[in-house]
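Chemist: On the provided structure of chain L, position chain P with the ligands as indicated by the hints.
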Amino acid sequence: MSESNIINPENLVYDKTSVMTDRVLHYCPGCGHGTAHRMLAEAIDDLGIQGDTIGVAPVGCSVLAYYYFDVDMQQAAHGRAPAVATGIKRTMPEKYVFTYQGDGDLAAIGTAETIHACNRGENILIVFINNGIYGMTGGQMAPTTLEGMKSSTSPRGRDIQSMGNPLKITELVAQLPGTYYVTRHSVQKPANARKAKRALKKALEYQKENKGTCLVEIVANCPSGWKMTPAQSNQWMEENMFPFYPLGDIKVPSE
Amino acid sequence: MARKGDVVINIEKCKGCEVCLSACPEQVLALSNEVNAKGYHYAVKVNSNCIGCANCAVVCPDAVITVYREKPARKK
Ligand SMILES: Cc1ncc(C[n+]2csc(CCOP(=O)(O)OP(=O)(O)O)c2C)c(N)n1
Ligand code: SF4
Ligand code: SF4
Ligand code: SF4
Numbered sequence: 575m576s577e578s579n580i581i582n583p584e585n586l587v588y589d590k591t592s593v594m595t596d597r598v599l600h601y602c603p604g605c606g607h608g609t610a611h612r613m614l615a616e617a618i619d620d621l622g623i624q625g626d627t628i629g630v631a632p633v634g635c636s637v638l639a640y641y642y643f644d645v646d647m648q649q650a651a652h653g654r655a656p657a658v659a660t661g662i663k664r665t666m667p668e669k670y671v672f673t674y675q676g677d678g679d680l681a682a683i684g685t686a687e688t689i690h691a692c693n694r695g696e697n698i699l700i701v702f703i704n705n706g707i708y709g710m711t712g713g714q715m716a717p718t719t720l721e722g723m724k725s726s727t728s729p730r731g732r733d734i735q736s737m738g739n740p741l742k743i744t745e746l747v748a749q750l751p752g753t754y755y756v757t758r759h760s761v762q763k764p765a766n767a768r769k770a771k772r773a774l775k776k777a778l779e780y781q782k783e784n785k786g787t788c789l790v791e792i793v794a795n796c797p798s799g800w801k802m803t804p805a806q807s808n809q810w811m812e813e814n815m816f817p818f819y820p821l822g823d824i825k826v827p828s829e
Numbered sequence: 026m027a028r029k030g031d032v033v034i035n036i037e038k039c040k041g042c043e044v045c046l047s048a049c050p051e052q053v054l055a056l057s058n059e060v061n062a063k064g065y066h067y068a069v070k071v072n073s074n075c076i077g078c079a080n081c082a083v084v085c086p087d088a089v090i091t092v093y094r095e096k097p098a099r100k101k
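These protein sequence lines are chains L and P, in that order.
Counting in my numbering, the first sequence runs from 575 upward without gaps.
Counting in my numbering, the second sequence runs from 26 upward without gaps.
Note that these hints are calculated values from the structure, not bench results.
Note that beta-carbon positions come from the ideal geometry of N, C-alpha and C, so glycine has one too.
Hints may contain errors.
[As the list claims (entries may be wrong)] The following label-pair restraints were derived from C-beta to C-beta distances: (1) 69/P / 733/L: 43 to 49 angstroms; (2) 59/P / 589/L: 23 to 29 angstroms; (3) 37/P / 641/L: 15 to 21 angstroms; (4) 592/L / 58/P: 30 to 36 angstroms; (5) 582/L / 52/P: 20 to 26 angstroms; (6) 783/L / 64/P: 44 to 50 angstroms; (7) 97/P / 803/L: 35 to 41 angstroms; (8) 64/P / 810/L: 22 to 28 angstroms; (9) 817/L / 28/P: 35 to 41 angstroms; (10) 97/P / 817/L: 39 to 45 angstroms; (11) 784/L / 37/P: 41 to 47 angstroms; (12) 59/P / 765/L: 31 to 37 angstroms.
[What the hints assert, rightly or not] Simulated crosslink set (EDC-like; lysine to aspartate or glutamate; CA at most 16 angstroms straight-line): (13) 669/L / 646/L; (14) 96/P / 584/L; (15) 38/P / 596/L; (16) 763/L / 812/L; (17) 763/L / 43/P; (18) 38/P / 813/L; (19) 782/L / 626/L; (20) 742/L / 721/L; (21) 29/P / 584/L; (22) 763/L / 813/L; (23) 669/L / 619/L; (24) 775/L / 812/L; (25) 775/L / 584/L; (26) 669/L / 783/L; (27) 70/P / 43/P.
Looking at chain L on its own, in the form it has when it is part of the complex:
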């Protein structure tokens, strides 16, 4: 198709936000991390807080998130992002501080940091990418892996009897008095991605009011770890992840 005269700067309606750098993402084709990054970056852009935002990257596939967000970034040891973010926020309370963490990072090795930061009510935003697996290291079972879900360490599917129950850590932290806004979203379809962005924006705005910890979970695909095409993985996610991790608000401020 030839280029039309519609293509001129006056008609521009959507372009990559400048809160994301121009680096090519290292993520696998179709991986939800890229869209999740951009929704967060767009939320930061819309609020005009690029220069006042500090992010903490995890260990996991998104360990290199600091290459992609054009804001100040720190990388934390595995699971420790909420502790690092606590330190940053307490020394610079006027900044907007977020962590970006996978489920292995946040719900396995970092469980203590997650729960205690939320229980202390640190004024940070925790962005939690739940793809039900350890993506980076080769698709091992995570605490979030669904019952019956295959992973490289549960090749016949997760067996509850011997491997325990999948952990809904988002519902768990919503019980804690320190959390202010806890919600679950996804980014595989346009409407979902736009909703996720609105939630991230809201969570960053709440930080201004010093009301406590906000956690936005994004249920995401891991096509490589799940051994599916991106399209299959998104469908599988809708059919299997969403019933167990239902999308929507879990705790909202009672205004």
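Modeler: What follows is chain P with the ligands alone, placed relative to chain L:
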């Protein structure tokens, strides 16, 4: 009539994941037969029905797509 739109696809950044294809309400996008420098079949326009809704660009994990939409016609 819906306003007309158009997209610019940065084919060298595309990873051929097809996530944009199913997001398009007008079936504008398909994958190329050729591959880019990284070896991926990339997204291409196959018709001129684009309405500039930006659905494809919003869900593209790699921010490959830029969207344009003509301004509403001015009332006389
Ligand atoms: C202290 C420590 N233990 C284990 C590892 C190995 N490791 C690297 S990434 C990872 C899991 C990441 O999974 P997740 O947080 O779900 O993120 P994803 O890669 O799926 O985005 C593990 C166990 C490590 N780097 N450091
Ligand atoms: S391994 Fe999974 S989570 Fe990691 S980049 Fe690839 S698809 Fe994404
Ligand atoms: S902007 Fe909308 S109509 Fe145009 S190609 Fe993208 S999804 Fe299709
Ligand atoms: S969603 Fe993006 S990376 Fe995937 S095929 Fe479409 S343009 Fe290419």
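Chemist: Run every hint past the structure and note whether it holds.
Modeler: Tested hints:
{"no.": "1", "hint": "69/P / 733/L: 43 to 49 angstroms", "verdict": "45 angstroms, holds"}
{"no.": "2", "hint": "59/P / 589/L: 23 to 29 angstroms", "verdict": "25 angstroms, holds"}
{"no.": "3", "hint": "37/P / 641/L: 15 to 21 angstroms", "verdict": "18 angstroms, holds"}
{"no.": "4", "hint": "592/L / 58/P: 30 to 36 angstroms", "verdict": "34 angstroms, holds"}
{"no.": "5", "hint": "582/L / 52/P: 20 to 26 angstroms", "verdict": "25 angstroms, holds"}
{"no.": "6", "hint": "783/L / 64/P: 44 to 50 angstroms", "verdict": "49 angstroms, holds"}
{"no.": "7", "hint": "97/P / 803/L: 35 to 41 angstroms", "verdict": "39 angstroms, holds"}
{"no.": "8", "hint": "64/P / 810/L: 22 to 28 angstroms", "verdict": "25 angstroms, holds"}
{"no.": "9", "hint": "817/L / 28/P: 35 to 41 angstroms", "verdict": "38 angstroms, holds"}
{"no.": "10", "hint": "97/P / 817/L: 39 to 45 angstroms", "verdict": "42 angstroms, holds"}
{"no.": "11", "hint": "784/L / 37/P: 41 to 47 angstroms", "verdict": "45 angstroms, holds"}
{"no.": "12", "hint": "59/P / 765/L: 31 to 37 angstroms", "verdict": "32 angstroms, holds"}
{"no.": "13", "hint": "669/L / 646/L", "verdict": "10 angstroms, holds"}
{"no.": "14", "hint": "96/P / 584/L", "verdict": "8 angstroms, holds"}
{"no.": "15", "hint": "38/P / 596/L", "verdict": "10 angstroms, holds"}
{"no.": "16", "hint": "763/L / 812/L", "verdict": "10 angstroms, holds"}
{"no.": "17", "hint": "763/L / 43/P", "verdict": "12 angstroms, holds"}
{"no.": "18", "hint": "38/P / 813/L", "verdict": "30 angstroms, violated"}
{"no.": "19", "hint": "782/L / 626/L", "verdict": "12 angstroms, holds"}
{"no.": "20", "hint": "742/L / 721/L", "verdict": "12 angstroms, holds"}
{"no.": "21", "hint": "29/P / 584/L", "verdict": "14 angstroms, holds"}
{"no.": "22", "hint": "763/L / 813/L", "verdict": "14 angstroms, holds"}
{"no.": "23", "hint": "669/L / 619/L", "verdict": "15 angstroms, holds"}
{"no.": "24", "hint": "775/L / 812/L", "verdict": "24 angstroms, violated"}
{"no.": "25", "hint": "775/L / 584/L", "verdict": "27 angstroms, violated"}
{"no.": "26", "hint": "669/L / 783/L", "verdict": "12 angstroms, holds"}
{"no.": "27", "hint": "70/P / 43/P", "verdict": "13 angstroms, holds"}
Of the numbered hints stated above, those contradicted by the structure are hints 18, 24, 25, listed in ascending order.
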